[in-house]
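Going down the list, the sequences are from chains H and C. Residue 521 in the numbering used here sits at position 521 of the first sequence; the count goes up by one each step and never skips. Residue 54 in the numbering used here sits at position 54 of the second sequence; the count goes up by one each step and never skips.
Hints are not guaranteed to be accurate.
If the Cβ cut is set under 7 Å, some of the chain C residues that face chain H in the computed set are [to be verified]: (1) Ala16; (2) Leu20; (3) Ser93; (4) Arg115; (5) Leu117; (6) Phe120.
Please keep in mind that the hints were generated in silico from the structure rather than gathered at the bench. Quantities reported herein were computed from a predicted structural model and do not represent experimental measurements. For glycine and all other residues, C-beta sits at the position ideal for the given N, C-alpha and C.
Here is how the chains run, residue by residue.
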Amino acid sequence: MSVRHSSETDLAPLARELKEAKDTLRAIQLGEVDALVIDSADGKQVYTLQTADHPYRILVQQMNEGALMLSREGFILHANPCFSGLVRALPQELNAGAVERWIAPPDRGRFDEVLRASFEGHPQRLELNLIPSPSDAAPVPVMMSLSPLSLESVDTVCAVVTDLRERRERESLERAELMTRSLMDHTTSAVVITNRDGRIVRANAAALELAGGPIISEPFAKAFPLTVEPSSAENLELSASKLVESAIGGASFQGIQARMRDGDGGVVELQLSAGPFEPIENGARGAVFTLADVTSLRLSEQRFRALADLIPQIVWTLDPSGELQYCNHVGTDYFGMPVRELAHARDRVVHPDDLAELNDAWKRFMESEEPFQAEYRFVSHRGESRWFLVRAVPIRGAGGEVTQWFGTSTDVDDQKRIENELRSANADLEHFAYAASHDFQEPLRMVTAFAQLLQKDLGPELPGQAAMALNYVLEGTERLGALLQNLLAYIRASRNPDAAAEEIDCNEVLREVIANLGIPIQQSGARILSTHLPNVRCPRVHMLELLQNLVNNAIKYRSAKAPEIHIRATAGRGEWIFSVEDNGIGIAPQHQQNIFGVFKRLHGNNIPGTGIGLAICRRLAELHGGRIWVESQVNRGSVFYFSLPVRAMERANECAHA
Amino acid sequence: MNAHTLEVVLIEDNSADVFLIRRALKEAGLSFNLRTFRDGEEALRFVEKLEETAAPDLFLMDWNLPRIHGRQILEALGHCAGLGKTPRIVLTSSESPVDRMAVEQLGGVFVSKPRTLDEFMQIGLKIKIILGVD
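Isolated chain C (complex conformation) (with noise of 0.2 Å):
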């Protein structure tokens, strides 16, 4: 892939971790777009409308979301025609091998919530080497 902007959705209801992540998207060198929702309903509704021609190129998601849980969104995600490529990345505080073992059965990349600063931005490069970009 080239370097075209990326377009990013991320659902996280914790504004200090939408920070963090935004920033280690930026100290990865990505350009992107970040779409942001904070509860689980409000993601649903979108996913749910979305078109295949304006499909993003990335979902980057809690687990445990207020409302609708983050599993509800990995099914719903499943079930969009045109969405079966793009990655879905888990990001969560959860250490639980069964919430692994659920993201992982519904297509998602499970990475819990580094306690470092230096951990969390290597979520960015994570990310480059997920989508192939340079």
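Just chain H, with the same shape it has in the complex (with noise of 0.2 Å):
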């Protein structure tokens, strides 16, 4: 009684110290706290877990995340026994050491952010992987939150640690799952697993469309009673069971054929591949098949080959390494051999003198892979040489890879001897003609100057029928001498080519083309514009002519209207287009083709012509890779058009210039 008589003023400090204590206890119990500092004699004094309450401690000590209590410099002050296990190492290694040894150098400058920053007051997470002790020990992906214990002025950060391993292993289980069903959901080929006792643990749908109802059980030889093809798989004496056996006992096969009855009791053709598939039931092995439809693929290869065999060329198809795989019955028959005796008879079946050339063009073609054209003679079993197109082309996969080269041999003998004749004849016909006119002139000259003679002599005197008669006899002598001048230069165009081949300035041709028609141009008064022309190689007298032809046409053929003519030049494809545009009478459609030929002639004496300016045109256009047209509409006017490949030398000549 005396005790609280004594003192209601004494009781008061501890009620207060009573309920500080009460209110710390509830903090520890609730994890409000995670250490004391008290003030001491010795000065203030740290209080963690070691000295906190008991059963906190114990909680720590046998969680099972790791913990860890770090100091501002990165010191460990306390680890748990379960990051001691993370780390594979003992608690007395760890405490009082750097937590950085144990976090991967990757890692370490972010952990040193995150530690930073959790000192002044903010919690923080990050990913990140911790290195054990032992050497050869895997990283171990953890979580760690970070947590200030900021209690009064010392700093220290409790870390929890989170093993992540299984959370990963499982992601990846679950991605690898999911890729493996895409996967087999997306190939068109069915797909069957099996287990170690040939039992069928997944099967992807064209599997069970395959197979006609449901298979997951299933002996794989019962759902799918194959019978394979004994010269697919090596004569090996294969049934679909055997198969199973095999795969599951480790053996790999492919491109096996087999064949079996689809639920609609029609046959089905299969290209299969078989192996051992690991990962089933525990790391117990199973096996994979893949059953790829080929019979669409067998029909159209039946189709190919009737089809080859009806064409009267020679079709053949090599292997990617070059090896001939296929030849039409139109080859077998002309060599006399069979596909695998013609595979290694390139050196008798090809002439002599050809073989050198084709196998260098043939190594070129396999390195370039750019489609292949070139003639060569094949020698027969009958021992006959014929001349023979030979034209390929690379096939090639997915991937552009080659697959195949396939090619054609055309027997085109008859049609080059034919050729050779026609040309040897047009060669000698126009020698004939050429020396013709050569010997017709003399004569002609001969006419010529007695007519005028006779005119000169006896003009003023002669009646005037026999004036009108020598008139026309004059008239005839012109006009012959014309034609003989121009069959002439007709031939002469394609005589020598290259002869006097020039670099030219078209600009400067036209410019003589203009004076050499002065006359015309004035007469008719004839505009004529042009764009700037470029340069090229040629004759210059070939561009002369086929300007100047062109240019006077265009007088010549004019309207009622004064001429207006426009030359232009433009860059096609490899080439030079030039036109020559004016405002004439223009040509009707029936007639456009015709135009080109020699002495053609639309028009009667009306209009002076010897019907061969055009014919030359083309002869020059043709004579160096081009080509000559016209586009007209009548009353309008016409374009003609002429092309002039772009040769090497110009192309470098723009580079220069450019």
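Starting from two chains that each stand alone, build the complex the way the hints lay out.
Listed below in structure tokens is the structure:
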């Protein structure tokens, strides 16, 4: 009583202390504080978990997460056994050591930042890899949550470390499963996986469709009653069940031809591959099968062969290495040997004079993989050599790689002989025409000179009829002379095209044309306009002839209006296209082809001409590898075009000027 | 030179051309004696026997002559002493630059046979210029 009485005032501080102790206990129980700092005679003392509440400490020590207490400098003040286990180190190795030692070097920078931030009072989380003590141990992915433990002025940070290995593994398994499922579902081939007993554990949609019913848990051999073609399995007697057994045993098979009856009773041609499948049922090995339906492929192969045997060309295919795979009957009949003999008979079937060239060209073709075309002589089984046009192209797979070479060889021997005969006949004819026109000039000169002499000497005395007759003679000789001149020019146009080939400035040539045509231009009041023309490489006289003929025609075949003539040149695909446009009488569509022939004239003698100018132009354009054509509308005018291929030299020049 | 009678040797197998040449010389107002040979062999024999004193004033000749080619005649003329200054005109229907070069190398003047009468008559004037006759 006396105590109670003695002091109400003494009790008050005790009650306060009691309340504080209760509050502290509650705070510790609720986890509001992790450590206590107590003022003592030796200064401030930190009481951390070890000195804290016992159950709390046991919890930390035994919990299934790593726990660390870290100083500002990154030293470990405390590590629980779980963390020791994560880094596979003894507790004494950990305490008072730098935590960085256990953090993977790439993560250390980030960890430092996060640690600093957490000391500033912000809780942090980061994922990083821990490096366990044994040097051969794999890094351990963890999630680290850092919380500041600010107790008055002394700072520590508490880190909870969660092992992410299981989660990662689960995620990667899920991904793998997703990938496998997606792969299987998007494969048009049937994919089937069996366990070690040969029972189906997985199958994709294509497999279910092929089997025509539920097949999970069925034995593979029962679900897919295959007949394996012996030749495709290297003469192994392989039944479906043998195949399953071998695959589970670790053997791999590819490209096995097999067939089976499908649900509708039809026969399906299959191409099969089989092999062991490892990760099945706790590591026990199973087998995986893919079955591709090649029925339509087989059918198209049959169609291809039927077609190939129908056409008159030799048709053949080579494997990627260049070995003959297939040749149609036309080829085997011509050479008189089967494909497998023909595959090694190039030296015998190619004409000896062509062999070296063919070998070279063929090597280049296989390297460049560009389409191939050339002519060679092949020796038939009767010993006859005939010319063939050989064409070949590479067939490419999805990845762009050559999977096959496909080719034809066409017998062009008759065609070639006829072409040669025609060429030689043409040359003879031309030679004759040239010699004849040349020889005709001499007598024509006589007739002309003496008719003129008669007119000169007797002109005034001749009776009207005779004078007229003599005029006709003179007109005739003049016309014949012009024809012979043009015919000679026409024939000359194709002789020695490169003899006088030179770099010419077409603008200059056009100036010369305008000068040469001075009189008709003046008389007709023609206006001649041109864009800038290029330099080309061809004999100057040829360009002169081309432009002069076309400009001359544009003036000659003018309408009532004064001629307006535009000369242009534009760059086409590897060629220059020149055009001469007029506003003349034009050419009806039905005549537009004819006008380029020799002695083709659309107009009578009211417009002078020998009908050979455009023929010369065509000959010159074609001589240089170009073309000539016309676009025209009657009464509106014509545009004559001619093209000249750009030769290497001009390209070089253009580059130099660019 | 004065207007004395010119001694002209013509080697031409075509009588029509002989006719025209004679006419051209006349129309040019020249006074001339024309000595005509119809083939190269005949002409060559004449050339080889020529005396310096009897040298003509002008040789007019075809190029493609029968038997002996115009080239051989030009060569023979080249070997004759005293004929060095005598002009030799080759009148030919050839237009070949190769022939022209051969003629000029052998000291001849190459003239293409004209196609019209008017042009033919010009030959007379050309000869006057070559001979320096008014």
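Right, here's what the structure says about each hint:
no. : hint   : result
1   : Ala16  : holds (5 Å)
2   : Leu20  : holds (6 Å)
3   : Ser93  : holds (5 Å)
4   : Arg115 : holds (6 Å)
5   : Leu117 : holds (4 Å)
6   : Phe120 : holds (6 Å)
Comparing the model with each numbered hint stated earlier shows that all of them hold.
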